[in-house]
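Could you put together the complete structure from these sequences and hints?
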Amino acid sequence: MANTKSYSLGPGLSTAEQVAGFCYLPFYVVLLSLLLEYLSALLGLGLTTLQLNICYFVINALVVWIIFHNFLLRSLRQTRFWELVQALILGFVLYYAGNYVFSLILHLLRIEVTSYNDETVQLLASENFWVMVACSVVIAPMVEETLVRGLLFGVIRRKSRIAAYAVTILFFALLHVWQYFFLYDVQSVLLSALAYVPAGIALGWTYEKSNTIWGPILLHMAINAISFGIMSLL
0 MANTKSYSLG PGLSTAEQVA GFCYLPFYVV LLSLLLEYLS ALLGLGLTTL QLNICYFVIN
60 ALVVWIIFHN FLLRSLRQTR FWELVQALIL GFVLYYAGNY VFSLILHLLR IEVTSYNDET
120 VQLLASENFW VMVACSVVIA PMVEETLVRG LLFGVIRRKS RIAAYAVTIL FFALLHVWQY
180 FFLYDVQSVL LSALAYVPAG IALGWTYEKS NTIWGPILLH MAINAISFGI MSLL
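Quick note on numbering that gives the first Met the number 0: the sequence shown kicks off at 0 and runs consecutively.
Please keep in mind that the hints were generated in silico from the structure rather than gathered at the bench. It is possible that some hints are incorrect.
Here are the in silico distance ranges between beta carbons for each label pair [to be verified]:
(1) G43 x G97: 45 to 51 Å
(2) L122 x L30: 22 to 28 Å
(3) L61 x H106: 39 to 45 Å
(4) E111 x L61: 37 to 43 Å
Ideal Cβ positions, reconstructed from N, Cα and C, are used throughout, including at glycine.
Listed below in structure tokens is the structure:
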């Protein structure tokens, strides 16, 4: 059977949450950042890139909480601690194993990949490290996982588990690189997007294994926290 306990997603989204979520998705991906830049120029605010990003993260967090707070709280109440811990450990291993395989393939093929998104985050972190930690380690995982895994993965998986993985892995990868298509050559940006495939697989699997949206949220937080920890040592 496709819908066994091992592959349950815990509490689902209500119809209202789904409709509101899909309506907001274009704003999250593209429109909100464009709107913030337009308003900054129109009102003569002269917001820096860091300030625009802070506004973007905070607004997304508020909107996602307004739309999905019942879903997040239902999931939290029904979370089984040891299932969550097991899923996080295995998801963590799956993520780093996937990264190792990806790096090994690139090494064997002698392909160099530039992580444009990481470069941007490092630049912003150099302006205010702890603000970017709050945005990237706390806010971004909650927003991204609620929308990508909770909304997209959860809705699509009712019809097809394979399609749910395929769509969300692709969406998650392009979400982190699409803006760089306007700045760099297509091939290098696509290679940069491939680096997000292991995370997309691990986060989707962790959602299924933990039976709660808090599984991928916490795993995503841990991955980003480790990245910032390494960044602070360099």
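Legend entry - Hints not upheld, ascending by number: Those not satisfied: there are none.
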